[in-house]
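*Asks:* What follows is each chain in one-letter form.
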Amino acid sequence: MNKLTALELRRTSLRPYRIAALSIFPVMLGLLYLLASLPRWEPYSKDLDVLLDRDGVTGIVCVLCVFAFAMVFAAMAAKCVVEEYSGKRAVLLFSYPVSRRKILGAKLWLVFGYTVLSALTCGGAVLGIFFLTEWVFPLCPGALAAGTVVSVFLRLLWSALLAGVLGLIALWFGFRKKSVTATLTAGVILSLIACQVMSVTVGRPISWLVLLVVAAVPAALCAAGLFREVEKMEV
Amino acid sequence: MEYAISARGLAKSFRGREVIRDCTLEIKRGEVYGFLGENGAGKTTVFKMLLGLLKPSAGEAAVLGLDCVRQSPEILRRTGSLIETPVFYEHLSARENLEIHLAYLEAIGDPEEALELVGLQETGEQPVAEFSLGMRQRLAVARAIVHRPEVLILDEPVNGLDPAGIHRMRELFLHLNREEGITILLSSHILHEVEQTASRIGILTHGRVAAEVDPQEIGKDFPGGMEAYYLQVVGEGGTGHE
Chain A
1 MNKLTALELR
11 RTSLRPYRIA
21 ALSIFPVMLG
31 LLYLLASLPR
41 WEPYSKDLDV
51 LLDRDGVTGI
61 VCVLCVFAFA
71 MVFAAMAAKC
81 VVEEYSGKRA
91 VLLFSYPVSR
101 RKILGAKLWL
111 VFGYTVLSAL
121 TCGGAVLGIF
131 FLTEWVFPLC
141 PGALAAGTVV
151 SVFLRLLWSA
161 LLAGVLGLIA
171 LWFGFRKKSV
181 TATLTAGVIL
191 SLIACQVMSV
201 TVGRPISWLV
211 LLVVAAVPAA
221 LCAAGLFREV
231 EKMEV
Chain B
1 MEYAISARGL
11 AKSFRGREVI
21 RDCTLEIKRG
31 EVYGFLGENG
41 AGKTTVFKML
51 LGLLKPSAGE
61 AAVLGLDCVR
71 QSPEILRRTG
81 SLIETPVFYE
91 HLSARENLEI
101 HLAYLEAIGD
111 PEEALELVGL
121 QETGEQPVAE
131 FSLGMRQRLA
141 VARAIVHRPE
151 VLILDEPVNG
161 LDPAGIHRMR
171 ELFLHLNREE
181 GITILLSSHI
191 LHEVEQTASR
201 IGILTHGRVA
211 AEVDPQEIGK
221 DFPGGMEAYY
231 LQVVGEGGTG
241 HE
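First to last, the sequence lines map onto chains A and B. The first sequence runs contiguously to residue 235 in our numbering. The second sequence runs contiguously to residue 242 in our numbering.
Accuracy of the hints is not assured; some may be wrong.
What the hints assert, rightly or not - Over 12 angstroms on every C-beta distance to chain B, these chain A residues come out as not near it, computed from the model:
(1) Arg-40
(2) Thr-133
(3) Ala-143
Said to hold, decoys possible - Ranges between beta-carbon positions, derived for each pair:
(4) Phe-227/A - Ile-108/B: 27 to 33 angstroms
(5) Phe-14/B - Thr-121/A: 53 to 59 angstroms
(6) Leu-133/B - Glu-229/A: 30 to 36 angstroms
(7) Val-27/A - Glu-74/B: 49 to 55 angstroms
(8) Glu-90/B - Lys-232/A: 24 to 30 angstroms
Since the hints were derived computationally from the structure, they do not count as laboratory data. Even for Gly, the Cβ is constructed at its ideal location relative to N, Cα and C.
Work out the full structure: start from the sequences and follow the hints.
*Replies:* Right under this line is the structure:
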């Protein structure tokens, strides 16, 4: 599997996804500081209560991270999986004397791994910079506690995994239709639903873990469905 | 007699429509077999069934004595193929494309030599995305031969090539066949080309091989040559799924 994943990596141009991740970074960073500053500009607004502590501010950024990287997953999966198994490209793929399951597994592993790692790197860098400046020139009230940092990074991990899991479900829809558009549309719809749930439960981090576990079940079924599908495909 | 390729009673239906029916084909080791047929006659379908990319609805086929359904991976390892319009990893060079192909096949081969054989040795690091149609076709042939297969299955391999390219490919196929004993099954719509390359020609019409002929013998009965013979065999018409 490692060899197949390495081959996938070699023949896949990651440049567009690297650009996407690099573009998400300044947007998330800017948004984080904007959200952290809002209560100073509108000190009496009740709507901004969620932004009064670091958990709330960073939580909103994690929600955005899920949306952005679920879309990166969907775009990458559309290119590396949906397009590869459509039309004439599938003939090339099936011309290799390698188990179809293993090739698909390598592809899914690459897309999932790349997306989750990108989300962790990008989100980690944003949160790292934020906590560093919070330590020196705090925007949010109260002292920065080590527990908060750990808890926020844990939530980032769940968010990164959730982005991958949602992308996987979106891929299933796109694969069935053999359509890049369907993959992206499913990605938008699923991540919007998840983000909605996450944003109303920002104050209860454990509910994000529950959401991740709940989403992982259909994602696993979708992955199994994809494996079955490629096994019986004729090109 | 040991056949490199054999098919008996082969049939394939798509959505209830029978495209290949009772197709029988026997190609000896070391032969160059030209496969002719109208557009949509089912040549590509037969090729795909031989490679295990499609499952026959009925009948059986074997390549190098290996069953096309159950032993497809071994067939793919020991054959080289060019099916339909070739696709590549566009951002990579020709050499990198061949290296990846070899890695998937877990085979040893010399990409530089294969590129030289098809006349693409000067392409260097140029990405395939910048290749012309003819260059892509030549690269597809290089990919089919890079691991020195025992059998070559080539679906219209000279498509898009200029006359010099066609000549080069013909010389290459004959060299591979005579010097290395590679069995070749190829299809083309350029009758003259098939006539010059193949040692035997089969014509697929109405889903089965309706006629087989030695191209050297055609002139005796058909003063109009290959074209007259071909038109007589397919004269009744009828097209299907390619």
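*Asks:* Find the hints from earlier in the document that the structure breaks and name them by number, from lowest to highest.
*Replies:* Those not satisfied come down to hint 5.
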